[in-house]
Amino acid sequence: MADQVLDAKGLNCPLPILKAKKALKDVPMGGTLQVIATDPGAVKDFEAFCRTTGNELMESKEDDKVFSFLIKRTS
Amino acid sequence: MASAPLYILLCSGEHEKIQMAAMMASVGAVSERPVEVFVSMNAIFAFAKGRGPDERYHGGAFSRALKEKRAPDAVTLFGQGKELGDLKMWACSMALDVQGWEMDALEDGLFDGPLGLTKFLSDAENGQFVTL
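Heads up: the protein sequence lines correspond to chains A and B, in order. Whatever position you read off the first sequence (first residue = 1), add 5 for the working numbering. Whatever position you read off the second sequence (first residue = 1), add 1296 for the working numbering.
Any given hint could be a false lead.
Simulated pairs of lysine-lysine, DSSO-like, Cα-Cα distance not exceeding 30 Å [stated by the list, open to error]:
| hint | chain 1 | residue 1 | chain 2 | residue 2 |
| --- | --- | --- | --- | --- |
| 1 | A | Lys-24 | B | Lys-1384 |
| 2 | B | Lys-1365 | B | Lys-1313 |
| 3 | B | Lys-1384 | A | Lys-49 |
| 4 | A | Lys-30 | A | Lys-14 |
| 5 | A | Lys-14 | B | Lys-1415 |
Label-pair restraints from in silico Cβ distances [said to hold, decoys possible]:
| hint | chain 1 | residue 1 | chain 2 | residue 2 | range |
| --- | --- | --- | --- | --- | --- |
| 6 | B | Pro-1349 | A | Gly-15 | 18 to 24 Å |
| 7 | B | Trp-1397 | A | Leu-75 | 33 to 39 Å |
| 8 | B | Asn-1422 | A | Asp-8 | 37 to 43 Å |
| 9 | B | Gly-1356 | A | Met-6 | 43 to 49 Å |
These aren't lab readings, by the way, just hints derived from the structure by calculation. Ideal placement from N, C-alpha and C gives every residue a C-beta, glycine not left out.
Pulled out of the complex, with its shape left as it was, chain A reads as follows (with noise of 0.2 Å):
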């Protein structure tokens, strides 16, 4: 279970990014978020943006081109 779910559902790139980042401001440090998502080029994207800025991806996963995504804030 996360300690906050993020919707993002319906939204465009970069939209899932950005609400993502602004969300994992309120996650603690060492807490998770999830997103869940449904740009098909999110999986990619937060792999990346994970990569850069020093956050854990911990799961990325699809059910019915909807991608769901556990982020643990480490930076």
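Dock chain B against the given chain A, drawing on the hints supplied.
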């Protein structure tokens, strides 16, 4: 992880190019990459204070699609990039002079000030440079 700063020279008044500049600037900034945007030529009109999207953005078929699909507003994206990351925006001092504009003619809260091209190019020497 430190990335090379991104410098965007935005000259075009085309909606599609302004949108791409806003996407690049905001994503770069929230990815903890310093970003600087220099706005000049026709692009400056998109940032005039008090304009709505129809007045602000002019383009081709993709511009119409962006408006119809209510894609994120470019000026809003720039603002979010500033709020969430290290994004600086500069208004070309020549463009302001030619238009007879002061900084208060531009949208509030976006620009860090007027700047000359020489200073921008000098600052950009060690970064990645993109022209739109």
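**Request:** For the range 43 to 49 Å, tell me whether the beta carbons of Gly-1356(B) and Met-6(A) fit it or not.
**Result:** Since the Cβ atoms of Gly-1356(B) and Met-6(A) sit about 47 Å apart, the hinted range of 43 to 49 Å holds.
Given pair status - Lys-1313(B), Lys-1365(B), alpha carbons within 30 Å | holds, 17 Å
CB-CB spacing for Asp-8(A) and Asn-1422(B) relative to the 37 to 43 Å hint: Because 38 Å falls inside the window, the suggested range holds.
Satisfaction of hint between Lys-1384(B) and Lys-24(A), Cα-Cα up to 30 Å = holds, 20 Å
>> Verify the CB-CB distance for Trp-1397(B) and Leu-75(A) against the hinted window 33 to 39 Å.
In response: violated, 47 Å
Practice item. Compare the distance between the alpha carbons of Lys-1384(B) and Lys-49(A) with 30 Å, and conclude whether the hinted pair is satisfied. Key: Since the Cα atoms of Lys-1384(B) and Lys-49(A) sit roughly 26 Å apart, the hinted pair holds (cutoff 30 Å).
Satisfaction of hint between Lys-14(A) and Lys-30(A), Cα-Cα up to 30 Å: holds, 20 Å
Cβ separation of Pro-1349(B) and Gly-15(A), checked against the hinted range 18 to 24 Å: holds, 20 Å
For a C-alpha distance cap of 30 Å, please report whether Lys-14(A) and Lys-1415(B) respect it. violated, 42 Å
Hints 5 and 7, counting from the list given before, are not met by this structure.
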